[in-house]
Amino acid sequence: MRTRFQQGLDELRQKLLRMGGLAEQAVDRACQAYVERDLTRCHMVLENESLINAAEREIDELAFDLLALQQPMAVDLRFILAVTKINSDLERVGDQAVNIAERVMDMVELPPAELPIDIPRMAAAVSAMVRRALESFIEAKAELAQAVLEMDNVVDRMRDEAFIVLVRKMNDTPAVTRQALDALLIARNLERVADHATNIAEDVIFWVRGRDVRHNVESPIAQQTTRDTH
Amino acid sequence: MGVDIQVEQLNAWFGKTQALHDITIKMSANHATAIIGPSGCGKSTFVRCINRMHETVPEARVSGRIRIGDLNVYNGTSATQVRRRIGMVFQKPNPFPTMSIYDNVAAGLKLNGFRDRRRLDEIVEQSLSRAALWDEVKDALQKQSGASLSGGQQQRLCIARALAVEPQVLLMDEPCSALDPISTSKIEELIFQLKERYTIVIVTHNMQQASRVAEYTGFFLLGSLIEFDRTEKIFTNPSDKRTEDYITGRFG
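Residue numbers (my numbering), protein chains in the order written: chain A, 314 to 543; chain B, 143 to 394.
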């Protein structure tokens, strides 16, 4: 047993989970800020971005060290590659949360407008995707990750609907165009977060099953194995 | 040119101890196959069965079939006939210490009664070139002994000596374990080139080496072949849990 290497992998797992927690929290805060028109929460999201960025660097450095010093193979190699990709997706989730917070800060300066879009419902769906993607990572469960992939279509449809109703609103009520545009951008940001959750789920499947399921094309790396790890 | 090596239901014993159990494997012509596994798993015994060296150990015996191209290794063929088709390179470079570089390479041919001096010169140059050593020793062929070379050069000299008798198969048993990284990379580069002409079987403890030089890898454990597949499959996504546990360092 390579104890030090295993400790390194555990440390990497822990760091990624902390990073996942930060990114998830940022999206939730930004969406809560939208609901409550809460500038304090917006500032918290902006301030916490630097924590996410620092976590991203730390994880990359540790992964780089493990690759260089331990020459991982098979499931360990797939794990580290998956972690580096998930890391980058989580950092982008943090960026999307900042974008949402900035839109909310813009909206707060404007008069409140009645908009035909249910952002909290969309946010709940997206948060569930991020949470499940991270759970599938924690538990090394490809089935959980698979469920995340299936949720992406639902969020895509929500974004399409938001586009239609908000464009109509802008045409019908030009006075709230800026608010509608902010909401439209938030819907797009949320849909991007869902895409990152999908990427994370795909990376978990790659790690656990050794299968590349990106872009709806399933191809085993080298060749299929049906055995899950752990 | 290399030929396929077909091994079927190979069993090997040292006295009453069975060292190999029903090994069936096909190693393709002009490819390198790496044999990996923990110490005592039967890797070296396996390659020593291919060139009939196993039977030189007292009380050792073998059952099963091995074919090297059209040659049946264990059925009415002499060990000498088999070894003419096979070059072997060992862990520790073992040039003949009192012989010159030239004589080291020519030794096998001379032993077989080869006397054509001009042709011998050509073969020595060709073998040293194929072993990527010619440029380093061409001015000292007769002056310098094999033992005066560096470890990495000595190993390439041993490879040149093996190539001089025009084998079809090259067996390498931990050929780089006594070498520094620069010499190792030269040998690995050489293995890559030699595949064009020979079928190569390399036993190695170094998994990075296996992944660098071999298209196919077989994992041995307790005398059994656990998994045999393309190298990239073995090292990225092996099918058997025991293979994965070994290559990820969870045991062994």
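Honestly, the hints are just simulated from the structure, not real lab data.
Be aware that one or more of the hints could be misleading.
Said to hold, decoys possible - Cut-off 25 Å, straight-line C-alpha distance, at most; resulting in silico cross-link-like pairs (SDA-like, lysine to any residue): (1) Lys454/A / Lys337/B; (2) Lys398/A / Val411/A; (3) Lys328/B / Ala381/A; (4) Lys383/B / Gln459/A; (5) Lys454/A / Arg339/B; (6) Lys383/B / Arg524/A; (7) Lys328/B / Gln319/A; (8) Lys383/B / Val411/A; (9) Lys383/B / Gly334/A; (10) Lys454/A / Arg392/B; (11) Lys328/B / Leu380/A; (12) Lys337/B / Leu213/B; (13) Lys383/B / Glu456/A; (14) Lys252/B / Arg339/B; (15) Lys158/B / Arg207/B; (16) Lys383/B / Thr316/A; (17) Lys280/B / Gln350/B; (18) Lys398/A / Gln350/B; (19) Lys158/B / Arg524/A; (20) Lys454/A / Ser381/B; (21) Lys383/B / Gln383/A; (22) Lys383/B / Ile451/A; (23) Lys398/A / Arg207/B; (24) Lys383/B / Leu390/A; (25) Lys383/B / Glu452/A; (26) Lys234/B / Arg472/A; (27) Lys383/B / Arg317/A; (28) Lys328/B / Leu382/A; (29) Lys158/B / Gln319/A; (30) Lys158/B / Tyr216/B; (31) Lys328/B / Gln384/A.
Hints versus structure:
1. Lys454/A / Lys337/B: Violated, at about 42 Å.
2. Lys398/A / Val411/A: The hint holds at about 20 Å.
3. Lys328/B / Ala381/A: 21 Å, holds
4. Lys383/B / Gln459/A: 23 Å, holds
5. Lys454/A / Arg339/B: 47 Å, violated
6. Lys383/B / Arg524/A: 17 Å, holds
7. Lys328/B / Gln319/A: 33 Å, violated
8. Lys383/B / Val411/A: 44 Å, violated
9. Lys383/B / Gly334/A: 32 Å, violated
10. Lys454/A / Arg392/B: At roughly 21 Å apart (the allowed maximum being 25 Å), arginine 392/B and lysine 454/A satisfy the hint.
11. Lys328/B / Leu380/A: Between lysine 328/B and leucine 380/A the Cα gap is close to 24 Å, so the pair holds against 25 Å.
12. Lys337/B / Leu213/B: 20 Å, holds
13. Lys383/B / Glu456/A: 20 Å, holds
14. Lys252/B / Arg339/B: 23 Å, holds
15. Lys158/B / Arg207/B: 20 Å, holds
16. Lys383/B / Thr316/A: Given pair lysine 383/B, threonine 316/A holds - Cα atoms ~19 Å apart, limit 25 Å.
17. Lys280/B / Gln350/B: 32 Å, violated
18. Lys398/A / Gln350/B: 24 Å, holds
19. Lys158/B / Arg524/A: Judged against 25 Å, a Cα distance of about 45 Å means the pair is violated.
20. Lys454/A / Ser381/B: 18 Å, holds
21. Lys383/B / Gln383/A: 20 Å, holds
22. Lys383/B / Ile451/A: 21 Å, holds
23. Lys398/A / Arg207/B: Between lysine 398/A and arginine 207/B the Cα gap is close to 48 Å, so the pair fails against 25 Å, i.e. violated.
24. Lys383/B / Leu390/A: 15 Å, holds
25. Lys383/B / Glu452/A: 19 Å, holds
26. Lys234/B / Arg472/A: 67 Å, violated
27. Lys383/B / Arg317/A: Holds, at about 21 Å.
28. Lys328/B / Leu382/A: Between lysine 328/B and leucine 382/A the Cα gap is close to 22 Å, so the pair holds against 25 Å.
29. Lys158/B / Gln319/A: 40 Å, violated
30. Lys158/B / Tyr216/B: Distance ~20 Å between lysine 158/B and tyrosine 216/B Cα, so the pair holds.
31. Lys328/B / Gln384/A: 21 Å, holds
In summary, the numbered hints that this structure violates are 1, 5, 7, 8, 9, 17, 19, 23, 26 and 29.
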